[in-house]
Amino acid sequence: MVPLIVLKDVIRDYNGKVRALDRVSLEICPGEWVAVMGASGSGKTTLLNMIAALDQPSSGLLLVDGIDLVSLTEEDRARFRREKVGLIFQQFHLVPYLTALENVMLAQYFHSMADSDEAAQALGLVGLEDRAAHLPSELSGGEQQRVCIARALINEPKIILADEPTGNLDAKNEDVVMGIFQDLHRAGHTLLFVTHDPHIGGQADRIIELNHGRLLPATSHAEGEPPVRALRDIA
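If you count the sequence shown from 1, you need to add 440 to reach this note's numbering.
Be a bit skeptical, because a hint or two may be false.
What the hints assert, rightly or not - Below are the BS3-like pairs computed for lysine-lysine, each with C-alpha atoms no more than 30 Å apart in a straight line:
#, residue 1, residue 2
1, LYS448, LYS524
2, LYS598, LYS524
3, LYS612, LYS598
4, LYS448, LYS598
The hints are simulated quantities; they were obtained by calculation from the structure and are not laboratory data.
All chains, please: the whole structure from these sequences, using the hints.
This is the structure:
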């Protein structure tokens, strides 16, 4: 299978002093669910931002869906994000004076093709069709995160990138949100999660771990859980 995401010897330095990623090589296949784990400051969010074209490597190869992200202009990078990636953050980033429906439609405005019916369908996918007219302040934390997921899905991206998507949720809402991600995985979406939570990471097909910007060797899940597939060497 041709990888959807390829990193080869990716380095990210900041101000010539801090190395956030140190020669990271990685492949992710279409439809795979990968959890990225590691301590704070290990480079997890930097890796996510690279794949989302929100940041650029200092050196190395970065291909997503056959596109060389290193060579793109800023305009092309914005187009790439619109067309290929759905982003979900721990902080919900909802506009407080817009309804749930309008917050989802924001993602469509970048395509100049806002469609309230499609936005309503996206809210229905995450179980919020009856909350479409509510403002963020009228929604629970779990409901706000589900609005963010609907917003990420509205343009049917190939890749869903999530940075600590359950970090602000209680156990009940965490289960609801993770159930949605499991459904997306079964539907064939490629998922890449940053998480500190072993329980969340353990639901992925594979866990990769970063330590001071370096990718650690793959390990197995705990006994009784599915084995983690080893990283393939990139020629």
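query = Taking 30 Å as the top limit, are the C-alpha atoms of LYS612 and LYS598 close enough?
reply = Status holds; Cα separation ~28 Å.
task = Starting from LYS448, check that the Cα of LYS598 is at most 30 Å away, please.
result = holds (21 Å)
query = CA of LYS598 to CA of LYS524, is that 30 Å or under?
reply = holds (5 Å)
key: Pairwise hint evaluation, LYS524 against LYS448, where the allowed Cα distance is 30 Å at most   = holds (20 Å)
Consistency with the previously given hints is maintained throughout, with no hint failing.
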